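Asks: Residues per chain are reported as follows:
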Amino acid sequence: MSLAEAKLQQFLEPTVEMLLDEAVGSEQFSKEPLLVPYIPTSAPKDFYLGSVRDARLRVVSPLHVNLADEDGSIRAEATEIDEFGFGETYAEALSDLQRAIAELFFSLEEARDRLGADLERVWRVLQEKVRRL
Amino acid sequence: MPLKPHQFDTLINKLGLTTREGSNHRLAWFEHGGKVITRTRCSRGSGELPHSHSIRQQLKLNEDQLSGIIGCSIERDGYVEILRGKGLIR
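Respectively, the protein sequence lines represent chains A and B.
Residue 72 in the numbering used here is what sits at position 72 of the first sequence, and the numbering runs on without skipping anything.
Residue 67 in the numbering used here is what sits at position 67 of the second sequence, and the numbering runs on without skipping anything.
Since the hints were made in silico from the structure, they are not lab data.
All values derive from a computational prediction rather than experimental measurement.
Do not take every clue at face value.
[Stated by the list, open to error] Residues from chain A shown here face chain B by an in silico Cβ test under 8 Å; the list is partial: (1) Arg58; (2) Pro62; (3) Glu70; (4) Asp82; (5) Phe84; (6) Phe86; (7) Ala91; (8) Glu92; (9) Arg99; (10) Ser107; (11) Gly116; (12) Asp118; (13) Arg121.
[Unchecked claim] Cβ pair distances, simulated, as ranges: (14) Asp77/B <-> Ala55/A: 16 to 26 Å; (15) Arg56/A <-> Gly71/B: 37 to 47 Å; (16) Ser23/B <-> Val125/A: 17 to 27 Å; (17) Lys86/B <-> Ala55/A: 30 to 40 Å; (18) Ser95/A <-> Arg76/B: 30 to 40 Å; (19) Glu80/A <-> Ser23/B: 28 to 38 Å; (20) Ala55/A <-> Glu75/B: 17 to 27 Å; (21) Gly85/B <-> Glu88/A: 30 to 40 Å; (22) Lys86/B <-> Val125/A: 14 to 24 Å; (23) Leu133/A <-> Asp64/B: 13 to 23 Å; (24) Arg114/A <-> Asp77/B: 16 to 26 Å; (25) Ser67/B <-> Glu128/A: 35 to 45 Å.
For each residue, glycine too, the CB sits at the ideal point set by N, CA and C.
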């Protein structure tokens, strides 16, 4: 199992637990003492992004994303490529990040023959993880 | 240090950034010696920009350096030296 798959499984496991706990707690099951349900108190701070919501691009290897509160808004950072998205909610921040990644891909592609050292590194990472359809 | 939109304009003018309008953002690039060295983007709108820290990070500046550029004590040449010191410009 790859690191990305392991992380994804780790991310999904609580959801499965919640479903099981809900089923065990329903009336069609026994009156045995209920399991303590898993109640997430916040969104995961780190996860892997598998889409950039652009019909021209496909993510072939998920991008690591870190979520954080910053100055009263949510910041989603694609740590491997130093790109960011912002919003009032997690969904807005992720959507903004996806748009930013797509814009970055096309911008770096256009300038690929004249990138400095750092942006060349970013472009290499993007090429490994995102492909044009 | 929270940035205001007009301070982002100051950054663009001081550093001579090349800009382009994106879908919801203004994209800005720093070019030197025919190479694109750093890039950042700024969302459209008024009020303080909620992502000043990220802009600073993408431009490879620390707090003092960003303040220096906004406050006019660091010009484009100074920025080139900062990037050279970080090994981003040879």
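Asks: Against each hint, give a clear statement of whether it holds in the structure.
Replies: Results for each hint:
| no. | hint | verdict |
| --- | --- | --- |
| 1 | Arg58 | violated (19 Å) |
| 2 | Pro62 | violated (21 Å) |
| 3 | Glu70 | holds (6 Å) |
| 4 | Asp82 | holds (6 Å) |
| 5 | Phe84 | holds (4 Å) |
| 6 | Phe86 | holds (5 Å) |
| 7 | Ala91 | violated (15 Å) |
| 8 | Glu92 | violated (11 Å) |
| 9 | Arg99 | holds (6 Å) |
| 10 | Ser107 | holds (7 Å) |
| 11 | Gly116 | holds (4 Å) |
| 12 | Asp118 | holds (5 Å) |
| 13 | Arg121 | violated (10 Å) |
| 14 | Asp77/B <-> Ala55/A: 16 to 26 Å | violated (43 Å) |
| 15 | Arg56/A <-> Gly71/B: 37 to 47 Å | holds (42 Å) |
| 16 | Ser23/B <-> Val125/A: 17 to 27 Å | holds (22 Å) |
| 17 | Lys86/B <-> Ala55/A: 30 to 40 Å | holds (37 Å) |
| 18 | Ser95/A <-> Arg76/B: 30 to 40 Å | holds (34 Å) |
| 19 | Glu80/A <-> Ser23/B: 28 to 38 Å | violated (22 Å) |
| 20 | Ala55/A <-> Glu75/B: 17 to 27 Å | violated (43 Å) |
| 21 | Gly85/B <-> Glu88/A: 30 to 40 Å | holds (37 Å) |
| 22 | Lys86/B <-> Val125/A: 14 to 24 Å | holds (19 Å) |
| 23 | Leu133/A <-> Asp64/B: 13 to 23 Å | violated (44 Å) |
| 24 | Arg114/A <-> Asp77/B: 16 to 26 Å | holds (21 Å) |
| 25 | Ser67/B <-> Glu128/A: 35 to 45 Å | holds (36 Å) |
This entry does not satisfy hints 1, 2, 7, 8, 13, 14, 19, 20, 23, going by the numbered hints stated previously.
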